Amino acid sequence: MSIESQMREKLLIALEPTRLDIINESELHAGHRSSPGTGNSHFRLLIVSPVFAGKSRVDRHRLVNTILADELAGSVHALAMKTYAPGEQLT
Amino acid sequence: MSSQDVNDWIRKQIANHDVVLFMKGTKQFPQCGFSGQVAQILGYLGVDYQDINVLDDMSVRDGVKAFSNWPTIPQLYIKGEFQGGCDIVREMFQDGSLMQVLDEKGILYDKSKLMA
Numbered sequence: 001m002s003i004e005s006q007m008r009e010k011l012l013i014a015l016e017p018t019r020l021d022i023i024n025e026s027e028l029h030a031g032h033r034s035s036p037g038t039g040n041s042h043f044r045l046l047i048v049s050p051v052f053a054g055k056s057r058v059d060r061h062r063l064v065n066t067i068l069a070d071e072l073a074g075s076v077h078a079l080a081m082k083t084y085a086p087g088e089q090l091t
Numbered sequence: 001m002s003s004q005d006v007n008d009w010i011r012k013q014i015a016n017h018d019v020v021l022f023m024k025g026t027k028q029f030p031q032c033g034f035s036g037q038v039a040q041i042l043g044y045l046g047v048d049y050q051d052i053n054v055l056d057d058m059s060v061r062d063g064v065k066a067f068s069n070w071p072t073i074p075q076l077y078i079k080g081e082f083q084g085g086c087d088i089v090r091e092m093f094q095d096g097s098l099m100q101v102l103d104e105k106g107i108l109y110d111k112s113k114l115m116a
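Just so you know, the sequences run in chain order A and B. Everything in the first sequence is counted per full-length UniProt numbering, starting at 1 for the first residue and increasing by one. Everything in the second sequence is counted per full-length UniProt numbering, starting at 1 for the first residue and increasing by one.
Think of the hints as simulated: they come from the structure by calculation, not from any bench. It cannot be assumed that every hint is accurate.
[Claimed, not checked] Listed next, the in silico SDA-like pairs over lysine to any residue satisfying Cα-Cα at most 20 Å (straight line):
1) A:55 - B:96
2) B:111 - B:92
3) B:111 - B:97
4) B:65 - A:13
5) B:79 - B:43
6) B:65 - A:57
7) A:82 - B:79
8) B:65 - A:65
9) A:55 - B:83
10) B:27 - B:56
11) B:113 - B:65
12) A:82 - B:47
13) A:82 - B:93
14) B:24 - A:53
15) B:65 - A:48
16) A:82 - B:70
17) A:55 - B:41
18) A:82 - B:95
19) A:10 - A:28
20) A:55 - A:14
21) B:65 - A:62
22) A:55 - B:92
23) A:82 - B:41
24) B:65 - A:72
25) A:10 - A:48
This structure is a prediction, so every number in the text was calculated from the model and none was measured.
Take the sequences, apply the hints, and build the full model.
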């Protein structure tokens, strides 16, 4: 299973998102100083989930980081994210 | 440094400086785009901040992740309080809540730069 589908499965189970975009941006960072060059290092997430309602941005990010702790300890080196509860304006 | 020493050192940095940015590279020479974005925002606002280059010391790089319970760099502290990483700081800048935090905590910045 690719790291991307592994992350998708974990996020789908934990957050029951109504929208989940996972964009692999590793290519954009290939060759930069600390880039491992694995093709699985830099990801961008957009998540809309009811689980985020009433939570601060820091708490939302911590929750995602906890769900993906294994990936972050492994090949995922950067994880940009936008987190929304349903009904919040997407920016 | 031992992990206890690192924790003490980090605690001292965020106690002694109103605004601290743990980053890859320096404010003059960021070595990662995410760190660079936060340095750009703080620079634009004219905030006086202490930059700490985590690439200089592996124990600080790992230590600040554990200290903040946050797995990535950059990390911004204001008056000893963890604010977030690049995405959060950028969103706080965009929606004005970063300036609100600076106001509430009495940190000076250049308001003339901001649109009304």
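*Do the alpha carbons of residue 55 (chain A) and residue 14 (chain A) lie within 20 Å of each other, as the hint requires?*
Given that 20 Å is the threshold and the Cα spacing comes to 15 Å, the pair holds.
_Straight-line alpha-carbon gap residue 55 (chain A) to residue 83 (chain B), limit 20 Å_ = Distance of about 14 Å is within 20 Å: holds.
*Does the structure keep residue 82 (chain A) and residue 79 (chain B) at a Cα separation of 20 Å or less?*
The given pair, whose Cα atoms are some 25 Å apart, is violated under the 20 Å limit.
*Taking only the CA atoms, is the gap from residue 65 (chain B) to residue 62 (chain A) under or equal to 20 Å?*
holds (12 Å)
_Can you confirm whether the C-alpha distance between residue 10 (chain A) and residue 28 (chain A) stays at or below 20 Å?_
violated (25 Å)
*Taking 20 Å as the top limit, are the C-alpha atoms of residue 55 (chain A) and residue 92 (chain B) close enough?*
holds (15 Å)
*For the pair supplied as a hint, residue 55 (chain A) and residue 41 (chain B), confirm whether the alpha-carbon distance does not exceed 20 Å.*
violated (25 Å)
*Does residue 79 (chain B) pair with residue 43 (chain B) here, judged by a C-alpha cut-off of 20 Å?*
Roughly 18 Å between the alpha carbons, so the hint for residue 79 (chain B) and residue 43 (chain B) holds.
_Hint check: residue 27 (chain B) vs residue 56 (chain B), CA-CA at most 20 Å. Holds or violated?_
Since the Cα atoms of residue 27 (chain B) and residue 56 (chain B) sit roughly 14 Å apart, the hinted pair holds (cutoff 20 Å).
*Given the proposed pairing of residue 65 (chain B) with residue 72 (chain A), does the C-alpha separation stay at or below 20 Å?*
holds (12 Å)
*Can the restraint linking residue 113 (chain B) and residue 65 (chain B) be considered satisfied, given a maximum Cα separation of 20 Å?*
violated (32 Å)
_Run the distance test for residue 65 (chain B) versus residue 13 (chain A): straight-line Cα separation, threshold 20 Å._
Roughly 26 Å separates the two Cα atoms, so the pair is violated.
When the structure is compared with the earlier hints, violations turn up for hints 4, 7, 11, 12, 14, 15, 17 and 19 and for no others.
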